[in-house]
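> Sequence:
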Amino acid sequence: MTTPEHYDLLLARCRTLFLAKTHDYGTAWRILRLPSVTDQIFIKANRIRTIQETGVQLVADDVNEEFVAIINYCLIALMQLHLPAATPLDMPAAAVADAYDQEAAENRRLLLAKNHDYGEAWRQMRVASITDLILMKLHRVKQLEDIGGAALVSESVEGSYRDMLNYAVFALILRGEG
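Each residue of the sequence shown is one higher than the one before, counting from 83 in the numbering used here.
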């Protein structure tokens with residue numbers, strides 16, 4: 083299966099889960115400020131790393147589901163960044179689906195462009211290294227958030243969320259998902 087086919091399959095799975103949770107919980111995620119979303123992603127990535135390092139998992143939640151959660155939290159962050167300020171906290175399911183699809187499509191475009199330029203180097207990486215890259219991006223985002231986004235030469239917070247999303251996709255593909 084090609085990378086774009088894997089991406090589409092995995093994002094369809096993530097979308098289905100996200101929209102099911104939207105049915106159950108509404109758009110409760112809209113209350114989260116970006117630093118809170120960043121911290122949620124950190125919790126997921128840190129759990130993955132702890133399991134990778136110790137080889138011990140005491141909670142039944144599957145590691146692959148944690149990568150799915152990272153994807154969906156990154157999409158939440160991207161939606162929060164791009165939704166107009168006047169967007170109500172309670173959004174209709176169709177509007178959520180549209181916003182999700184728009185951000186996922188932009189990420190797909192970025193993934194394909196970077197994949198072209200980097201020659202799919204990620205396929206030679208270890209999943210543990212991808213986890214470390216996600217954690218590094220999280221630390222960068224936290225630093226940018228702490229300085230109010232006033233970066234001198236760094237990529238934007240948006241770019242970091244997009245990279246983390248794609249890293250989580252790569253990890254799932256390497257773990258045999260999709």
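No lab work stands behind these hints, which were simulated from the structure alone.
Beta carbons are placed, not taken as given, at the ideal position from N, Cα and C, and that holds for glycine.
Where hints are given, some of them may not hold.
Simulated restraints on C-beta separations [claimed, not checked]:
#1 Asn146 - Ala167: 31 to 39 angstroms
#2 Pro174 - Glu240: 22 to 30 angstroms
#3 Pro166 - Gly258: 36 to 44 angstroms
#4 Leu140 - Pro166: 17 to 25 angstroms
#5 His221 - Ala168: 30 to 38 angstroms
#6 Lys196 - Val138: 15 to 23 angstroms
> Now tell me if each hint is right for this structure.
Hint by hint, here is what the structure shows:
no.: 1; hint: Asn146 - Ala167: 31 to 39 angstroms; result: holds (35 angstroms)
no.: 2; hint: Pro174 - Glu240: 22 to 30 angstroms; result: holds (25 angstroms)
no.: 3; hint: Pro166 - Gly258: 36 to 44 angstroms; result: holds (40 angstroms)
no.: 4; hint: Leu140 - Pro166: 17 to 25 angstroms; result: violated (43 angstroms)
no.: 5; hint: His221 - Ala168: 30 to 38 angstroms; result: holds (33 angstroms)
no.: 6; hint: Lys196 - Val138: 15 to 23 angstroms; result: violated (34 angstroms)
Hint compliance for this structure: hints 4, 6 are not met, and every other hint is.
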